[in-house]
Structure formats: C-alpha cells, structure tokens
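Novice: What follows is the residue order along each chain.
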Amino acid sequence: MPESKDRVDVAVLGGGPGGYVAALAAARRGARVALVEKTRVGGTCLNVGCIPTKALTTSAELLLRARRAGAFGLLIPEVGLDLPGLMAYKRTTVDGLVGGVEQLLAASRVALIRGEGRIKKPDTIWIEEGNGRSREIVATHVILAPGSVPADPPIEGRHLPGVIGSTEALDIDAEPRRLVVVGGGVIGLEFACIYEALGSNVTVLEMTPTLLPGATDEVIAKRLEVLLRRRGLEIRLGVTVERIEQHGEALRLHATGAAGDTIVEGDRVLLATGRWPNTVGMGITDIGVRMNGRAIAVDETMGTNRPGVRAVGDAVGGAMLAHKAMVEGRVAAENVTGGCRRADYRSVPNVVFTRPEVASVGWTETQARAAGADVKVAQFPFSANPRARILGEPDGLVRLICEVGAGRVLGVHLVGPHATDLIAEGALAVQLGATADDLAWTTHAHPTLPEAMFEAALNFRDAAIHRHSR
Amino acid sequence: MPEYLQTTIDKFTFKVATDRRYSGDGIWLQETADGRLRVGVTDFVQQHSGDVAFASVKATGTTLSAGDEFAELETVKVNLSLPLPVAGTIVEVNPALDTTPEVVNQAPYGDGWLAVVEVPAGAIDRVGLLDPPAYFAVMRSQVEQELNQQ
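So the sequences go chain by chain: D and P. Under the working numbering, the first residue of the first sequence carries the number 35, and numbering increases by one thereafter. Under the working numbering, the first residue of the second sequence carries the number 2, and numbering increases by one thereafter.
A couple of the hints might just be wrong.
Stated by the list, open to error - Selected chain P positions facing chain D (in silico; Cβ < 10 Å):
{"#": "1", "residue": "ASP26"}
{"#": "2", "residue": "GLN31"}
{"#": "3", "residue": "GLU32"}
{"#": "4", "residue": "ASP35"}
{"#": "5", "residue": "GLN48"}
{"#": "6", "residue": "ALA54"}
{"#": "7", "residue": "PHE55"}
{"#": "8", "residue": "VAL79"}
{"#": "9", "residue": "LEU98"}
{"#": "10", "residue": "ASP99"}
{"#": "11", "residue": "THR101"}
{"#": "12", "residue": "VAL104"}
{"#": "13", "residue": "ALA108"}
As the list claims (entries may be wrong) - Computed list of lysine-lysine pairs in DSSO-like fashion (alpha-carbon distance at most 27 Å, straight line):
{"#": "14", "chain 1": "D", "residue 1": "LYS155", "chain 2": "D", "residue 2": "LYS72"}
{"#": "15", "chain 1": "D", "residue 1": "LYS72", "chain 2": "D", "residue 2": "LYS39"}
{"#": "16", "chain 1": "P", "residue 1": "LYS12", "chain 2": "P", "residue 2": "LYS59"}
{"#": "17", "chain 1": "D", "residue 1": "LYS256", "chain 2": "P", "residue 2": "LYS12"}
{"#": "18", "chain 1": "D", "residue 1": "LYS39", "chain 2": "D", "residue 2": "LYS155"}
{"#": "19", "chain 1": "D", "residue 1": "LYS256", "chain 2": "P", "residue 2": "LYS78"}
{"#": "20", "chain 1": "P", "residue 1": "LYS59", "chain 2": "D", "residue 2": "LYS410"}
{"#": "21", "chain 1": "P", "residue 1": "LYS12", "chain 2": "P", "residue 2": "LYS78"}
{"#": "22", "chain 1": "D", "residue 1": "LYS72", "chain 2": "D", "residue 2": "LYS88"}
{"#": "23", "chain 1": "D", "residue 1": "LYS256", "chain 2": "D", "residue 2": "LYS88"}
{"#": "24", "chain 1": "D", "residue 1": "LYS72", "chain 2": "D", "residue 2": "LYS154"}
{"#": "25", "chain 1": "D", "residue 1": "LYS410", "chain 2": "P", "residue 2": "LYS16"}
Bear in mind the hints are in silico, worked out from the structure with no lab data behind them. Using N, Cα and C, we set each Cβ at its ideal position, and we do this for glycine too.
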C-alpha cells in the first residue's frame, strides 16, 4: 500500500525539457501540478545531452581560438588542456542550470516528487521513492514525458571496454589518441569535433551516403563534410559497422560498404547511432496507450488514445530535440488547463554544434520539390560576409529555399559561424510565411553575421550587393 | 610551340597552355591517354575570379549537355558557374578540391584541374573549340575590355 495518496490537477511523468516545461506552463495557468523524476530534473538535455556537450564545445572552441591567437595579433604563450578543470566547468554549468529549474519549479509550486514513476491507471501514477517507500498520485490529467535512451545497435562487441556511448563520452579523463565515432548524425559529429579539438585523431563512420541524414539540406551536409575533412577529420560514408574486436591495446572495427570490407582501428569507440523513445517498463502499454513503434502515438493536442493521458518529447518520436519537446510541453499544458492549442512543427529548427555549426528550419530543397513546390534556392557564402571574415571563420553558406513567384521562404539552411543562433531569423521567416523580399528589405545591422541572411534573400532576385555571379 | 603563350598586361601575367583546347569562356579541355577529357579553368579565369574558397563539381556519373553547368567556383568575390563546352558524363572529380580548393589558383593547368569527362568519340572536334593562339587572342581582348571598363 502506498504511504500517501495525493490528488492533483496535472501529473507529469519525467522532468526533462518536455516534462518540466509542461509542469511549469500548467502551474502558471493555475493548475496544481506534480512532477515525477527519478534522477535529476532537466532530463537528457540538461544532464547528459545539449548542455554538457555545449560546455565541452565552448572550451574546445576557445582552445582552437587561443591556438590561433597569433592571427589576431595576440600572444598567448601557453595554450593547453586542463581536463579536470574542463570537467569541473562542465559540471558546474550543468549543476547551475539544474538548480535553476528546481528553483523555478519550487517557485511555481510544482510538487517535485523524486522516484521511479509508473502509470497504473490513466489517472494514477505510482512512484517508488526508494528505501521501500512509495506513493500514489491521482491526477485529472497525466502528461507522459519519459524521454529517450541511446539506441542499442546490433553491433557485435558493443559491450567491450572502451566502447562508449554519448553519456560516457562526456566524462573525459584522458583524450584518446584515436577515436572512432560510429554514426555521422548530430551526436556523433558534435563529439567528433570536441575530441578532435582536444587532440584526438577522429574517424567518423556513417551508414548512409551523407552526414546528418535527415537533419539538414543535402548541399549543407555535403559542405559540412568537406569542411570537417579540411579540419582533419576522417569521414567514411556508406559504411556499416558489423563487429568490434579487441586487438591488442586497440579496438578494431570491421565494417562493410560499397567499396568492400574495411577495418578501422581506434583506442576508443563512440557509438552514436541515435536514440530510441524510452517507453518500456512504465506501464504505458499496460493501460492501453497506443504506440507507434517504440514511440507513444499522439495527436496534434499531444493526446494519446486514452482520455486524460497526453505525451510529449522524445517519447512521442519525431525530431528528438529539447526545443521540440518544450513546445510540446507547452501545448500539452495549455490543453490540460482549458486551452486549445495544436502542435505546429513548421518552425522547429534543427541545430548542430559542429565547427562550423549547422542549422536548418523548414523544408529542404529536396523536400520542397518532392512536395510539388516550384522552388528557387537563394544562396550567400559567409566568405563574403565582413563579420565572418573578421572572426576568421569565412567558411560556410546560407541557403534559402523559396517559392518561385512570391518568394515565400519554405526553408532556411545554414552552415557557418554561429549558424545555431542565426537560424532564429529563419524560423521566424518560416513561421510568419515571410518572403525573400521581406527578409531582403529588413535592415540588418552592419557588420554582423545576419547580413548573410538578407544578402541570400536578395539573391532570390539575383541581386546580392556584396556578390556577383557569372 | 612553347609550353605557354603568355602576356603581361598592367602588371598581371596571364598564361595559356599550348597542349590543350579552350572554350571562349575560359574552360580548357585536354585529351587523356584513354580518350577522355580533363577539364579545368584558365589562368585568366582564376586570376579574374579571385581566391577559390570552395569548388563544387557535379558528381561522377552526371551526364550533361553542352552548355550545362558542370562546376561552380565560390571565390571571395564571385560565384562562378562553369559550363561544360561539350556534352558528356563526369567520370572523375579532382579529389584535391575538397581539402585544398586553392589549388585551382595555384595550378590551373595542372593539379587544379576540375573533372574528367567521357564524351562520344569525335565530339570534341564538333563543338568549335579554340586552339591556344585563338584563345590567347580572345583572352587578350577580354583583359583589355576589363581594363577599359575601369
């Protein structure tokens, strides 16, 4: 028997970006909310995903910049790596943000219940609090936000010592001399860039013929591939890893590809082959919630087939992005507090913190053409942007996918300096249905990186000012 | 014939290799031992366009008509669309372009080649290409035209 039984308006299972945002948003709208989290709030993103990787990325970038100080007229005689210091910086960054979320929850009177939650009935969540204690919450509305777990690819030898996942890759005690990254998606490439900057020789093996499959425009992916090769990363595409073996001190990966079988050796192997919805063992299917493969099937209001049960975030599939989960959390929160909101994914950007960064929103050229749109692509390279040149980062380009005629912006794709910040303008353009002319006649401050956006927009009419075509 | 025809105009020296043929817009084509065509841009084109930051050549296997774009050079000044003077299929792309696109500026007639194209036998003779002296004359008039515009 549970030791206590509480009644709330909204119970949220899972305290990641989808869950905690849903809890906060519902509380702001006057609901009594309980949030169940088994470890720390913030989920994958805050604890072992977006945030710690960006801390590492920030240090890696500073390191690279410091090494190039001479090009900026600075003398920094000693530039090096302090791994314990790096780990401490990462930890304090994460801890600070987790603490911030906890404070927000407390200030918003969300009851944070620590323990392993399980949905028993559509209105009841059972929580094991540890030490044999448990409790039950009865809620008018339940929002499931259990997140995702790293995919477990069928590669023989994946449990060998030295074969790690993205969570272990965050804890760097000594940088491996040779790192092999299996998976050329977002996670794999971000770690590849971090480790390369810290001094490892990095090889990326990707199964599909392109980097970042499905995450960006093909031209951008190809450009990134070339720019990463220039940085010294070895990239092999169309290669499937079948098994990993210990070979003396090293790990040996046996792979197959169009060019035949190959063997790649490394000191450490990072498996970054994507993530799966975390939907097993929480009673979700036991109460009859309909699934879509591993993901919880939801409608546009984030409702499942069981009345009173909604789900958000990685667990419902689609793009596994914290900001997509947050939007879904807000949608669910409105809908359980008397509102009527539908999820709108048009302006969900995809961002990749490689060097240079990649960001995308809306349709790719291929998607637009497949959908029957008559499109014109307007481009502008960062090599012609003054700010990019001042920063010493002139590599990359902006691609606007525009509808022929009125020039409505259907998609925006970037590779280049601060692409992940610049995409906000693209997301706004796509969301508002802006045209290339709207962007072109919005005055952009000089000298800034966003000027590349309006110059690309001018190119819709082949009229970029700081560029000509022959 | 010497290895290069060359002229110096207003401090700039422009070379035209004498072992290949040209299109009027500065694409050179050179027959390889196995009857294919190696294709690149002339010294004048690379100097006129500026430092190449990125070179994208259509993928191997792409079949193009005469006049279709086969490559684009992104320089600090310009996006340069390069038309293939003769119909054919790309069978090789210079692998050095990805990591060191500046090779186009450094050795336009040598290591800075762009692609190898397979063309029907005899096609190259039917498209009205220029021999080195003829291109040299065209190039001179293009340079002079540029100078007069300034």
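Novice: Against this structure, judge whether each hint is valid.
Specialist: For each hint, the structure was consulted:
no., hint, result
1, ASP26, "9 Å, holds"
2, GLN31, "23 Å, violated"
3, GLU32, "27 Å, violated"
4, ASP35, "22 Å, violated"
5, GLN48, "14 Å, violated"
6, ALA54, "5 Å, holds"
7, PHE55, "7 Å, holds"
8, VAL79, "6 Å, holds"
9, LEU98, "9 Å, holds"
10, ASP99, "5 Å, holds"
11, THR101, "8 Å, holds"
12, VAL104, "13 Å, violated"
13, ALA108, "19 Å, violated"
14, LYS155/D with LYS72/D, "19 Å, holds"
15, LYS72/D with LYS39/D, "18 Å, holds"
16, LYS12/P with LYS59/P, "35 Å, violated"
17, LYS256/D with LYS12/P, "39 Å, violated"
18, LYS39/D with LYS155/D, "14 Å, holds"
19, LYS256/D with LYS78/P, "22 Å, holds"
20, LYS59/P with LYS410/D, "19 Å, holds"
21, LYS12/P with LYS78/P, "20 Å, holds"
22, LYS72/D with LYS88/D, "24 Å, holds"
23, LYS256/D with LYS88/D, "23 Å, holds"
24, LYS72/D with LYS154/D, "17 Å, holds"
25, LYS410/D with LYS16/P, "38 Å, violated"
In this structure, the earlier hints numbered 2, 3, 4, 5, 12, 13, 16, 17, 25 are contradicted, and the remaining ones agree with it.
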